[in-house]
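Using the sequences and the hints, build the whole thing.
Spelled out from the first residue to the last, the chains are:
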Amino acid sequence: MRYLPLTPADRAKMLSVIGAKSIDDLFIDVPGVAQIRDLFDLPRHAGEMEVERELAALAAMNRPAGSGPFFCGAGAYKHHIPATVDHVIQRSEFLTSYTPYQPEIAQGTLQVLFEFQTQVAALTGLDVANASMYDGSTACAEAVMMAQRVTRRNKAVLSGGLHPHYAAVTQTIASAESMEITRLAAAIDAEAAVIASIDNDTACVVVQTPNAFGTVTDVSKVAEAAHAAGALLIVVTTEAISFGLLKSPGEMGADIAVAEGQSIGVGLSYGGPYVGLFACKEKYVRQMPGRLCGETLDAEGRRGFVLTLSTREQHIRRDKATSNICTNSGLCALAFTIHLSLLGERGLKSLAALNHSRARELRDALAVIPGVQILTPRFFNEFAVRLPVNAAETVEALVGQGIVAGVPYSRLAPEAGMDDVLLVAATETTTEADIAALVVALKGRTGQ
Amino acid sequence: MSMNSVGRPTRPDQQTPGVGGSLTGARGLLQDEALIFELGGWDKTGVDLEAPKFDASDLGDLVRTAPMGLPGLSEPETMRHYVRLSQKNHAIDLALYPLGSCTMKHNPRLNEKMARLAGFGDLHPLTPVSASQGALALMDRLAHWLKTLTAMPAVAMSPKAGAHGELCGLLCIKAAHEAKGQGHRRTVLVPTSAHGTNPATAAFVGYSVTEIAQTEDGRVDLADLEAKLSADVAAIMVTNPNTCGLFERDIVEIARLTHEVGAYFYCDGANFNAIVGRVRPGDLGVDAMHINLHKTFSTPHGGGGPGAGPVVLSAALAPFAPAPWVVSGSNGFDLIESPEGDAVQGFGRMVAFQGQMGMFVRAYAYMLSHGADGLRQVAEDAVLNANYIKARLSKVMTPAFPEGPCMHEALFDDHWLEGTGITTLDFAKAMIDEGFHPMTMYFPLVVHGAMLIEPTETESKLELDRFCDALIALAHAAKAGDVDRFTGAPYLAPLRRLDETQAARKPKLTWKPVSQTPLAAE
Amino acid sequence: MRFTKDHEWVELDGDIATVGITAYAADQLGDVVFVETPDLGKSLKSGDAMAVVESVKAASDVYAPLSGEVVEANGTLGDAPETVNDQPEGLGWFAKIKIADRAEFDALMDRPAYEAFLGSL
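For the protein sequence lines, the chains are A, B and C, in the order given.
1 is the number of the first residue of the first sequence in our numbering; add one for each residue after it.
1 is the number of the first residue of the second sequence in our numbering; add one for each residue after it.
1 is the number of the first residue of the third sequence in our numbering; add one for each residue after it.
Note that these hints are calculated values from the structure, not bench results.
Predicted model, so just to flag it, every value in this text is computed and none were measured.
Incorrect hints may appear among the rest.
Derived SDA-like pairs: lysine to any residue, alpha-carbon spacing no greater than 25 Å straight-line [what the hints assert, rightly or not]:
hint	chain 1	residue 1	chain 2	residue 2
1	C	K5	C	G119
2	A	K349	B	E75
3	A	K320	B	G206
So the derived label-pair ranges between C-beta atoms look like this [said to hold, decoys possible]:
hint	chain 1	residue 1	chain 2	residue 2	range
4	B	E38	A	A196	44 to 52 Å
5	B	R109	A	P43	16 to 24 Å
6	A	V17	B	L492	25 to 33 Å
All C-beta atoms in this analysis are idealised placements derived from N, C-alpha and C, irrespective of residue type, glycine included.
The following block contains the structure:
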């Protein structure tokens, strides 16, 4: 077996050093009823070629985003990833290292985390950021729990513009801690209803911009209302490229900003691994979940970085920790940081502008199809349209023509009664030919 | 006040002079690399993009105008920056990485290649089901392997890490109790030797945590367990093999006692790699167990993540698993994302999409490569390697539990350092100068000055001997009074010991410009 | 000055008790990096968790040795937590409590008794 270095002779020698007759002697503590003598009913070991053959066959049954016209977004976005990113994250020293608990021999990872934290704070317009969460949805749930700790209140208001999966994750996790969750009805422009739901028991309000329908909103008024009631404002962003064009959560009064960072440097990978961004005002840092990296000096007075404020975490505070999170998304955070370092402010702005422009092209092209109605008033790179036919059936039919038309809203929230609503996204990877193909196919489907 | 015995020096004794440093801050070919914010890239970019056709005038004052403060660099500069940083890291590909409880084993590169096939790596999570049949089939096959290896009837695939899996398991347990009218149960029992995630997770879900004592031979104290089991107990969380590296001999009895009071048995599967292919947790009476794909099935740790923590479930808990899940029908596979109808008892949703597909591909490739025979050999070699280290090092160090074999990791205490003036921390730091990553220190909490060594099965006898020889030589130096070698260590690493005290007292968590120089050149 | 088995000390001036952690405790904890003092006006029962003291690797609750109401918290510990290490039984005090029952104070250990207790650990 190619991954196992010991030879039978090694094993025999080692057993004699240990003073054991056979390997079974080392498993004597396992109760007899649980000792399995035979091999399990699974295939035997296989060579690289055989494994590759099986996996390549499975991969070939899937439709990659980059293989033709493709318009899905809804929390995960198809972007170009520079070749440098994937090369660097596969370096052994990054790929095969552990959490940087020994800072003297982990400065590579630690300095990257410090850069990552600074970049996330800059993007979100807040003071501090942690070293990453699993993804945007779990970061959202953690933000609500953090607001409960900060305010010592028990109620959270979730905007109707929040991604339905994010709302479901938050509801699942926060209700386990007996929080009362008010989940507002799905709405394309959702902020008025949010403001109306804030009261003096509210720990936090959770709004998303661009929201699940793509609507971009200045949430300053929600911030004012929340703060007047002593509640925190949590701003969620699922498309991180939008930070390059739109006002930051911090500028609009957010206390905590969470985001899905996948768009910057991380592949689609059918939903994971992704990277959750988590930033907040400095005064709340001790209630923050997750790892934090901080600057310090070594014994010779040279600058270095260490994990810090660890007493918030489970390995020290155990049942009184701010969260149970341990493993984070380190390698995806590295990919994010490298991609953002390549982009810089200039590149990020250009990329965001290009995404927005492509979406405007898509909007203009779809708006002229009879029966198709553009629902989202202001958008970044994604918007909702109403079709004259069922959206899920349309998507299914167009897949047969090699086009992935977008995400039917009903797939995210069947109960919302929006079976004719389709979410479409365009990015820098979308071409004019892709848009033209979608228009032709939609016209065919809607009977025009 | 409540005393905690893990306090230990967290800053260097004094500012110790360097050993004749260079003029530039470099150490040989190891460069002194500044932060990305200090490299002057305020108006650079390393990407070439076409100009947009439309502007953003439609967004009016929603557009960001304030500078962000994000530097950019050309591609060669970026490459050099991150390659220089990479060289300051230890890695499994460099040497044995004996972190107990962490399972740092070789990461096969075939798995990386497979995860990057466009059909997996470039697959959108909301691709229509008809166009993602290969992904669903892979999840189904991986689930089959996990269920077969554990003798458990169901598995929840979506949890993103071990602790996330614990959360999933406890939420299943909570839902199951509520369905039986037992929602009033408030307590979760956890042994004193448990990972910190166990009590943290139980508290996160709203349970109160009661600790169970440990016997002198490092196992759950059955008498104490029996005394604490009651109709108020919702679950017990036990790691097996446990964090002392020992198999819980009474595990079947522990499960029986737990079930007798109507509680469920959550097993922390962090150490499944010690028994995979030889022992099935389902045969032991386990109700739920997470499997760290990044430990047992070798998906890379990546400097702290990402991981994946699918949870296998007993028949009693299976109905309460979270969405989404994969089902197979006459038209192939389907993905149930929004369960409907009265029959649905699932507790909700853990993540936005399907879980860590990238890790599923790697873990499945790892399983196919090993097969049933190779996986059994994995467990046997991991246990053999740990016992070999225990046997060789016991001549100079004191094993915490000398009697009987250990499983996949060997645990030592610090009695052998008494009177030397050298602590576990010092000894560990001196290992760095000898080219090895330290072992896990001061964990589990039940052993004084604990040193937990997990070699894994992917070490050759030659590398194990190099490691043991180095530690034996260090132990002799410690006993011979060569104190400076330890208390000032490491001397030869990219940095000397760091001042964690200062980092925590005056946290600097982001880079800030030194002066008022403008961040972005307009 | 009186002491508890949890390593808090108390000094009484009239009905105002000043509370801190002992030199032994500060030494065991290592470098103190953060202290969370109780809110003013908080009403405490003897044995309640009243403050938190953290080193890099440990977080410990400090328990109220006496019942009463918090009338002052040591604000200097926010910026200078190292005071707890430097002068644990002086400037490193945590809070002042207006006590309800003098008998609780009398029941605590005096210094010889505390030192004997430390010797038994």
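Checked hints:
| no. | hint | in the structure |
| --- | --- | --- |
| 1 | K5(C) / G119(C) | 12 Å, holds |
| 2 | K349(A) / E75(B) | 18 Å, holds |
| 3 | K320(A) / G206(B) | 11 Å, holds |
| 4 | E38(B) / A196(A): 44 to 52 Å | 48 Å, holds |
| 5 | R109(B) / P43(A): 16 to 24 Å | 22 Å, holds |
| 6 | V17(A) / L492(B): 25 to 33 Å | 30 Å, holds |
Every hint from the earlier list agrees with this structure, and none is contradicted.
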